Structures are given as structure tokens and as C-alpha cells.
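4 protein chains.
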Amino acid sequence: MSFNTFGHLFRVTTWGESHGPAIGATVDGCPPGIALEAEMLQHWLDRRKPGTSKYTTQRREADAVRILSGVYEGHTTGTPIQLMIENTDQRSKDYGDIAEKFRPGHADITYWQKYGIRDPRGGGRSSARETASRVAAGGVAREVLKALAPELRITGYMVAMGTLAIDRSAMDMDEIERNPFWVPDAGAAAEWANYLDRLRKEGNSVGAICEVVISGAPAGLGAPVYAKLDTELAAAMISINAVKGVEIGEGMNAARLTGVENADEITMGADGPIYGSNHAGGILGGISTGQDIVVRFAVKPTSSILAPRQTITKSGNPAEIITKGRHDPCVGIRAVPVGEAMAACVILDHLLLHRAQVGEGPRGQIG
Amino acid sequence: MSFNTFGHLFRVTTWGESHGPAIGATVDGCPPGIALEAEMLQHWLDRRKPGTSKYTTQRREADAVRILSGVYEGHTTGTPIQLMIENTDQRSKDYGDIAEKFRPGHADITYWQKYGIRDPRGGGRSSARETASRVAAGGVAREVLKALAPELRITGYMVAMGTLAIDRSAMDMDEIERNPFWVPDAGAAAEWANYLDRLRKEGNSVGAICEVVISGAPAGLGAPVYAKLDTELAAAMISINAVKGVEIGEGMNAARLTGVENADEITMGADGPIYGSNHAGGILGGISTGQDIVVRFAVKPTSSILAPRQTITKSGNPAEIITKGRHDPCVGIRAVPVGEAMAACVILDHLLLHRAQVGEGPRGQIG
Amino acid sequence: MSFNTFGHLFRVTTWGESHGPAIGATVDGCPPGIALEAEMLQHWLDRRKPGTSKYTTQRREADAVRILSGVYEGHTTGTPIQLMIENTDQRSKDYGDIAEKFRPGHADITYWQKYGIRDPRGGGRSSARETASRVAAGGVAREVLKALAPELRITGYMVAMGTLAIDRSAMDMDEIERNPFWVPDAGAAAEWANYLDRLRKEGNSVGAICEVVISGAPAGLGAPVYAKLDTELAAAMISINAVKGVEIGEGMNAARLTGVENADEITMGADGPIYGSNHAGGILGGISTGQDIVVRFAVKPTSSILAPRQTITKSGNPAEIITKGRHDPCVGIRAVPVGEAMAACVILDHLLLHRAQVGEGPRGQIG
Amino acid sequence: MSFNTFGHLFRVTTWGESHGPAIGATVDGCPPGIALEAEMLQHWLDRRKPGTSKYTTQRREADAVRILSGVYEGHTTGTPIQLMIENTDQRSKDYGDIAEKFRPGHADITYWQKYGIRDPRGGGRSSARETASRVAAGGVAREVLKALAPELRITGYMVAMGTLAIDRSAMDMDEIERNPFWVPDAGAAAEWANYLDRLRKEGNSVGAICEVVISGAPAGLGAPVYAKLDTELAAAMISINAVKGVEIGEGMNAARLTGVENADEITMGADGPIYGSNHAGGILGGISTGQDIVVRFAVKPTSSILAPRQTITKSGNPAEIITKGRHDPCVGIRAVPVGEAMAACVILDHLLLHRAQVGEGPRGQIG
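Protein sequences, first through last, are from chains E, V, G and U.
Residues in the first sequence are numbered from 3 upward in steps of one, following the working numbering.
Residues in the second sequence are numbered from 3 upward in steps of one, following the working numbering.
Residues in the third sequence are numbered from 3 upward in steps of one, following the working numbering.
Residues in the fourth sequence are numbered from 3 upward in steps of one, following the working numbering.
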């Protein structure tokens, strides 16, 4: 990862500001011959799109993606794919106050300190709007994965919002698409709606935890020791706006386990090794085991809130700030499709890296 | 990060296996004219060195580092610095069993699946021995930081081991060097000693949480959006052997907070902005604020344990495994100096990146 | 350099095909606070623009560049700059034949062999149209150079076309802008016009040699040993379409010299070392000396010609090919502004790399 | 390429100074399971070794290479391979004068200006001794190529020395190993011996042109547009010490050709396309055609000569310099195996890049 590019071989460079004319992603290194149409990407963008429920920002963006290059007669050519999304609903006047005052918990102050200039309209480059570009690029990765690893599935969902969490014993993946929280638990969805309504009306916001599971990934992905698969997934997730923590498998809880508890015992199945548990989250020594890969990340509460907070102005004067404008009361909700997109990009990148160094598929046979 | 290299401009490539003739690090991009002697690096290696207490592996390694290049008359020349540590205490016979059986929770099986060949002696490349190279390279980074950011301090310590945690109200940084756990709490140190003794005698092991604090870092470090400072610190930590989770500031707990609670309010001090709290862990929008930078990571329990576990052999036959040899009952202990070293490398790398793009120091003035 | 990106810190990723909706460049790592307007870039694009004389392709493109991101109120923000040029004059029907037959000397066949798919319209990604993106990005680099190295000048011109060459004793840099060949020799310009007219009427084309001189560059630029300044300039130039050879200073002729002849003797001037000659082309050991940096490159003749040549079809059948369409009789002419643009990008990238590792300006004093 | 690393996936980082304890290369990204022993690398190092004839430096170095990591039981493991060559014959006293005076045409002055410090012993990092590391790494690449592309051959030789050149009509590849100049022309070898003897006795030196031919490379290698195969080969060659020009196929002479002359006409053979000529040097649009890949580079004369030249000291005082010590009268001779090694690294890197993006072999069929 480097400035605005991530990935080694499947490389995504995103560009654009919240209230500029457009945002987008330049996708380089894509394998050729993959069927690709804008509609395939639109499907994923629509999931992240603002304004789809009262729990997300009321900004109205079509988020219509155009493919400007790299595709000929409906197939990728192996040359760079330019994905552009025009910004259409920029009400910059909403943000006048922010040009002078720094929002506590927001990147306003650090962008100013670092660069000495920033586009304050809608948070400029630091806006979560940048994540639409990630979703578009992730859509490309998903189409390639369909061809290279047809068994692979990537599923994201929320597991906690504020002080509320799902009941893992009641998880039902079919519920994910049925509620505005992408939560695999119908009971939680109802409860969370009330909770977030209340916070929203208070002009407050709240954090969340998202989980992404990658099933059907082959064993052998990951490039130890500095491009381990867990390292790269973690980096991908924590690069998403507002993410403050990331976990693989047991995550922070691994600290509480003993070696006896943590060992995922192995037996031999018809198609290869079978594990008695998955504390490892599908990754050992930075390389995938073939089990489900499980990554989880915490999203902090939106820092643009209506409740007044103490801050300073550019001139160093004390000020109180109330952030008007249209903000997500829980930005974690829209982080779910972003996390999925990042996972798709990382897994594809490592499929390509593995194919480069080792060839097709895992190398060492068992049994 | 890429295969065995990390860093953008201050680039460290580590090499070597646990029981090969030597391990080491090639450090490229180091600024010239920095005073550097092997003894300066040895200081840090001695902290990570095995065999210093009964709570770490009893392998006896001098871990003596030699500088083979890049230094002339005691100063760096700007050319690559080769750091070599010879392996002296390799009792490979201890590991015979491991060549055929896969340790549950260990990289044995995935290295085999990925590469179709692996050096089983002491875990080969997947051994935590690799982290000695990181500590040596981190020692170089620290000497450069002394010159470029003399106020900067990097302090690592343990905050939890298994089910035990420190009492943050009783933290005393002077205690860190006084106990074998690098724990800033004398009471915890005594309690942990009993706890780990018991586990060790049972042939078991346990996880831990380490925290690294960087104080005195200037505002403005970090390269959004894919080389954010938190992204890079997180990636650096989770690339360390056995790390399963990583947190910046509030970390996973940020999910539980509301926007009102999470906002670190700002006032103006004599030397710049002052924050009323540090939920952000010193980083906003991927850029340092000038506050303490706080990163935390969970280390899983050592998977090489004496307690018997079910596994399979390379041939796919069921087997029971007991890992003899000399292992750390809590590998998290020796992860503390490694986490510090990684922090030093990341911060230096970003000082150089910032200097490249923006020039010396932060750009935007406040007040 | 990597797929479609070049540069270490000032990183340019170009995208787009000859006859797609648009082409462009994503410029990352640009220093903040630099005055930048589309008009500044248009100036350079207009020099490369097709259809400005009868010696270049008659395709009519406005080559109007838009800045979609990274600039706020007329200044760069340090975030990625997206430069887009819409394609307006794509007469794809002209190229029907090329979809089936491979042009000798053209990338048609290798793109097909590599990717199994290609956009044949106007050469797709392999078209020299891609170089417009380079010129736009180079325009950004020039504006940054104005701020960081105001003394620096980059001047490109042609020194040979086919069997004709300039008379170096008659060189007059003021002539460069006065003729359609960017040739610093009024006599040559007249002669070359006749020569190229004749070739054009025959349906033939011809090669050329371009030279780019960078004056006013500080001593100390270049990152030995694999990012030497000459390595990077050479790579930049030979990455331009149709370039087959590249030289620094004496270039290939250095092979003919003795050590006595080749030594650029040094004396001390008021402002530093003065060299009695410049066989080195301003670079020693991969690092700039402060002298003029001189790079030269040979451009092969356009392979799309009206004269019939033997070839095969995709099906492997023999065929004769005559390439209609609108082609440059000497593509080397329009390579001049491209070479200048690449030089600007490389020099800026190395100014930033040097500033990162060593700080501002050269480090070692003389005298 | 970046500082001291080259390659994208097969990445080589070299380190070490002429008169330090050792030099070496860290080779990362090597495919696993390749048979590799130190003797295989030694074979190539012995060809480059100094002191093998009176036409090379009389420094006596065994150039014995040790493999410190990445190989287990005689096969590569996919982890980094550390190659170390100890320096044994460093007579640093020979170089006393150079610490104060700058040799005209040498990197002495620029290393000083850039870094403000340099290791003057034997030229330090700027010494051609660094190329031994390249040859060792190239030896690894050759062993991998044997497995991945068994038909591939890499052959380097000299085609010109000073004002003398080979007679291409008399070329006999079997002669290459029979003379100290690696020249495929017995007549030239005799003539060159006299010529170089004379220059050597005068305390002078001379330049040379080397050519490297890669035969048997598959079509489809190269990653347009900034990692074109010709770009990467050119960069690899010009990164070698003292190289001032580089050519692919016709090279600089391509400028003199018309499109009719330059077109390599295509017919269909039993195994694929056949080209009537090879002006392209086996590369079109940056991608290999399957023909012989031909790259040529000019090496300037050694700048360390016994003939007196005018220069200055570090203090800026005028001085005359005569460089004693043991120097190559024609450093181009020992550049031949270095050029071969670089070619091996580039080709392997691109085989891996191609395998990553496109899979095994070329994709598009003809016929």
C-alpha cells in the first residue's frame, strides 16, 4: 500500500473528493478476458449508496459508475480499467462552518496540519465517499474471482452496534439482505432500529463492528512474512475510514486463550485436512488453510454530529461546533459492503501473487 | 509490504531461517551521516534475546549482530546496511517429529501446502526467530529517529496475559524494565509470574496483549488513504508472528462509543492544539495529531506445546503430537521489543515520506 | 515502474485506449500548495496535439484536459490528481482491417498473443495516443519543479530524422519553436520538410532521434544502484512508444573513447565544480553532477504505413496489409514533448526521493 | 527498481562495498522447489571474477558465494535467499589519494555531494564489485528459468572495443569462451589483445559494446506500458556501472530506417509466426514476439587511469590525479556476464508477472 494505491498485482488507485466533479478508481493488473459490464459493478455500489434508509446519510447520489477503459466488447483486456462515478448532489453550502473550525474526531485538523491546504467541502478526500471507489474496484475483483475461484464467497455483515451485539447462536445469513443493518439476526435488526433512531434524534452517532467471511478460498494464499494474508486483510480493513481495530479469527480474544484451547485440531477428510475449530480465522503463518477466513473490524462513531463539541478554529481561537449537513448516524452500516470489496481485492491479489510464485493452486499434497 | 520487505523509503528486507547458518536484515534507504555501531543495535537485541528468564525459550543465542555494509567510520553512508546474526544454538534433533506431523495452530501445514517444501528445523522461516532481524533493523531506525525527531520516544509493554490484565490506574512506566514481562505494574508482575509458572509446568502456553506508545511524534505523519499511519502501524504489528488482532486508540471498543463520547475535544495550548482525551490514539484520518500514538496487539498462545493434540501427518494419517524442544510459554513477552522495533521503522518511514512530499515538519499553521 | 504506473513518489498511472471514451492519468504523491490550472497543462498538450502540421496524423483531437480531483481553489492539495482527456475524433471504421491482420512492426500481434483479446480500434492501449496522458502528467511535474527548482529548464528537440542530422555547430535553441520538427537548426528544418514530404507521399514513414537537455538540476539527484538517475531517465524514454535506443551523454559512442578522452576534467569555479567537458551527460555513478543532463533516444519509423507488407491473419493465413487511417509519417516529431514530460516526471520524482533520504539540497560541500 | 532493489516479483536487493567485509544479494520471491547449490552460482561468478587474464584488474578475489538462507536440502523453499561473498583482497592503502581527490569521470564527487559521506576504499558502493552480487542473483534466476522455460538460452558477448568491432559475417558463438574478451570472432580476439595491451601500457583504458541475446523466450512477456520488456531490459543494463547507452534490436540505428525497411514481415510457420527479419529485437509494443531478444549496451572506459588528469580536492583546490591501484583497462569485458545475469533476472521476473496476470504461456492463439 502506498499513498492512494493498494495491491501488489491487482492494483487499485482511488482518486477524488467528496464534492469535486467525480471520484473513481484506476484498476491495474486485471487478468484479461473476464466478462465485465458497468451493471455488475453497479450492483455492489447500490448496496453502499447513501440515502437508502433513514439510517444513512440523506445525500442523494446515483453513484452511477462508468467504465472508461480496459474493457472491449464486454471483456477485460488486461489494460487499466478506469471507473468513474460523477458526484451529483454536492450541497457545499452545508459545510461552510467546517472550513474554519476543526471537528473533534475528524481528519479536518490533520489534513490541514499535514498539507497546509485542504478541500473542506464534504471532508474532501477524507470523506467516506472515497469508499464508493473501493466498492467499484471490489466489483471488478469479484468478477475475476468468479473465473479463478468459482467456489469462493465473500459475506459481510454487522455483529455489533454500540452496546448491542448479535446473538451468534441465532445467526441466519439469509437475514442479511432483509434489514438496513446487514445484520444476520432478525431480532437484532428490530432492536438496533430503535436504538439508532434514538441516537439519531439526539444528534448523536455510534460505532459498530463488521465481520467479513471468505469461504471457499484455497489453502496456500499469503506471502510471508510481510505480505501475510492476515496482514494484508487487516491493512485493507483498517484503511477504511473510521476503522480503529481489526481482528483475524479470535482476534484480541486470542490473548485470553491457552495453547491447548487455541489449537485447531486436525483430522483427515475426504478432500483434505479438516479442522475441529477455527480460532485461527483460516490463516496460519500468514497463509490460508482452506477454512473460512474471518476478519472483523470496529468502526468508530461518525464524528460529524449535531451535538455541540468544543474545538478551535484555524486561527487557534476556541469555538463550539455543531456539524450540520447530511451524515450517517452509524457509518459502520455502509462499511459492510466496503469491507467485502476490500476482501475481494486482497484475495484476488494473493491468488495472482501465488500463481506467480508457485503456479496454479497449492503445491504440497497431503495424503 | 511485499513478501519479505517492508517500508516505502526506509525499507527492511529480512532473511533467514531458525536453524540455518544465519538470519539478518538488509536495510535500504537509510539517511546518511547517522552515527551507528553494532553495540547500539545489540542493546535492543539483548532485550528480545531468548533464555533471559524462565518465561522464555531456553535456547541460548548470543544474538550478536554484525554490520556488514552501509557504515563507514561509524556513520551510515546512505547505502544498504546489512545486519547479520549468526545462529549458534540449533539443536535440530529436537524437532524430528515436526517434519512429518503438523502442529495444530502452527504454520507447518500451510507452508507445506503453499510451497510443497519447507525447512522444518525450528519452524524454518515461520519461526519467531525472524523477529530478531526486525529488532536489529528497528535499532537502526531508532538511531535515525534520534537525529530527525529527538523528542520522540517509543515504549512497549504488556497489558494483559491470558485472563489477567494490568490495573491502568496503577501504571508505572519505571516498572517495565524491572520484571520479565515488561509490565508497567509491579503487582501484576508478581501475579503473572505465578500464573505463567503454572501453565508452563502443565506444558501449556498462553496469549497476551502488548501496547506500544509513541510520544513526541510530530503532527502530519501518514499518507492517506492507503498508507495511513494507523494502517501501516497495524500492518506492521499484525505481521509479527502469532498476532491476531490490532487496535489504534480505543480499538475494538470504539464500536461501543457514541459520537459525543468519542470526540476528542480540542483547545489551544501554548505550543499548539491540546486534546481533552485520546480516543483516536493520536491519529485522525490516517495522519498523526501530535498526541501519543497508541497501538495494541494480541498475541495468540504458542502453538508448540507439550500437551498432546490431535493432528495428521503429511501422508494424511491421524496422529497425536507433543511438541518437545524449547518454546516460549508466552511468546507475547518477547513480542514487546519487536512491536517497538516495528513502530520505529514505520514512524521513520513516514517521517521520510512526509519530508519527501511536503518538506520539513507540518505545513499548516494553527493560531 | 510497474504495469501502468511509473515513479516512486511522484507516481503517474495512465489509462485509456485510443478510441475509448477517454484517456487520462492519475497523479499521486504531488506536493501540496502548488498553483495548478488546466490551462497550464493544456499548453504542453497543444504541443503534442495531432493535426498541427501536415507532418503529423490528421486526426483532429482537441486534447482538452480536465482536472477532476486533487486541486482546490487553484492549488494542489497533496491528494491524487485525476487528469482526463476525452477522445472526440475516433473514426474506428478506418481500422477494420487491423482487427484480423497483424501489422508488421506493430504491437497488434503481441497484445493478441499475450492477452488473447485486444481493442483493435486505433491500436487500443498500444497507441501513441497514450502519450497525451504522459504530457498532461509532465505538465503537473513542471509546475512543481517551478516551485522546488526554479532554475531548472527542460528542453527537447530533434537531432536526426532518417539519414539527416542537424549540424551541431549551427544549433540555435530559438529555432525549436519555429518549425514543425522542433529542430534547433533552421537549415535542417527546410531540408527535413522536403525529405518527409517525399516519404509521406510514398506512403512510407521514417525514424528519428530526439534529445532532451535538463539544465539547472542540482547535484545529488539519483538513487544508486538500481534507481540511478540515468537508469530512470533511460527507462522513462524507452517506455515511450516506438523508442528502440537511449543514450546518456556520449551514449553508444562512449564505447569508442579512451579513459583519457572520456574524463571530464574538473576545476573549481565560484559556485562549485566546473567540468571541462560533458561526456558523462551530467550523471556520474547514477547521481547528477550539476551539469546539463543530456538524454537522447531513437524512435523507430511508424509501422502503420500505406506501402503493402506481407503478414498473416489471426487464423494464420498469409495476407498483404496496407494500413489506411491517419498516421504520423514520423512519430518521432510528437515524441519530443513526450520526452520532455517524462524527463520532468523523473527529475521531480528524484528531487522528492533525495529530499526524503538526505533532506534539502546536496549534502557534501566542496571548497 | 528502487534504491538497491530491482525486480517486481523476483526481487534482488544487493548490498556491500568494495572493501567492506562482504557483499551480497538478498533474492526474494523465488519459486519453491528449484534445485540450487552454491556451485551452480559459482560457475557464473568465476566468469566475472577479477584476475583471470591480464586484461582485467589484478585484484585476487575467490568470489566464493555462500547461500545463507532460502534453500533446504538442495532446493529453494520460496523464502528469501541470502547470497554472501566475502571480500578477501582489500588493499585499501592503494586508494589513499582518492579520499581527498575526485577522479574525473568517477562517482567519487557525486557520492560526496549527495550523501556528504562515502566509503572511498575501492570506490565503496559505486565500485563495479557490486556486480558480483548481480551475477550471483542471476545464477539463481538461471536455475529457475531451466525449470520454467527449458528452451531459453542467454548469451552475452562483446561486439566492439574502442574503435574496433567484430565482423558480424564471421560470428562464431563457439569462440566466445575461447578468448578473454568473450568475443565471437577469433580474428577480432587477436587484434583486440594487441590493442588493449597498448592502451594498458599507456595507463589508459577504453570503452566497449556488449550484446546479450535471449533465445527461446516465449511470446507474451512484458507488461505495457511502464514495465515493457524492452524498458526493463534497458533499465537493467544501464543500471550496470559505466553503461551509457542501451539498444533493443536496431537500437539507435532505427532512426535511420523507413517504415518499409523496418517492418519485420510475418509468415506462418509450423509452430507459429515466423518473421523475415528482426529489426524489433524480439519485442513489439513492449511484449516479446518469440524471436531472439537482442539488447546491446555501451560501457564507457574505466575512469581510474594512470594517465594524469586535472581535478580538484574536497577543499576545492586544484590537483592532478593519477589513479594507482588495480583497475580494468576495459571494464566492458567483465560486464558481459553481468549483462547476462541482469537479462536472466528480468526475463524470469516477467515470466512470473505474466503467469500472475494471464496464467501459463501466451493466451491468444494464431492459426
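Misleading hints may appear alongside valid ones.
Copies of the same chain look alike in the list, so a pair counts if it works inside one copy or between any two.
Unchecked claim - Simulated pairs of lysine to any residue, SDA-like, Cα-Cα distance not exceeding 20 Å:
hint, residue 1, residue 2
1, Lys316, Glu75
2, Lys148, Tyr197
3, Lys316, Gln367
4, Lys148, Gly361
5, Lys56, Asp99
6, Lys316, Ile276
7, Lys56, Lys326
8, Lys148, Val215
9, Lys316, Gly366
10, Lys56, Pro152
11, Lys203, Val161
12, Lys203, Glu263
13, Lys326, Gly35
By construction, these hints were calculated from the structure, which means they are not laboratory data.
A quick note: this is a predicted structure, and the numbers were derived from the prediction, not measured.
Verification of the supplied hints:
1. Lys316 <-> Glu75: between (52 Å within a copy, 18 Å between copies)
2. Lys148 <-> Tyr197: neither (38 Å within a copy, 49 Å between copies)
3. Lys316 <-> Gln367: between (62 Å within a copy, 8 Å between copies)
4. Lys148 <-> Gly361: Both. Shortest intra-copy (19 Å) and inter-copy (16 Å) distances satisfy the 20 Å Cα cut-off.
5. Lys56 <-> Asp99: Answer is neither: 24 Å inside a copy and 56 Å across each miss the 20 Å cutoff.
6. Lys316 <-> Ile276: between (59 Å within a copy, 14 Å between copies)
7. Lys56 <-> Lys326: within (16 Å within a copy, 59 Å between copies)
8. Lys148 <-> Val215: within (16 Å within a copy, 40 Å between copies)
9. Lys316 <-> Gly366: between (60 Å within a copy, 9 Å between copies)
10. Lys56 <-> Pro152: Intra 36 Å, inter 50 Å, cutoff 20 Å: neither.
11. Lys203 <-> Val161: Neither way: Lys203 and Val161 sit 23 Å apart in one copy and 38 Å across, limit 20 Å.
12. Lys203 <-> Glu263: between (45 Å within a copy, 16 Å between copies)
13. Lys326 <-> Gly35: Result: close neither inside a copy nor across copies, 47 Å intra and 28 Å inter.
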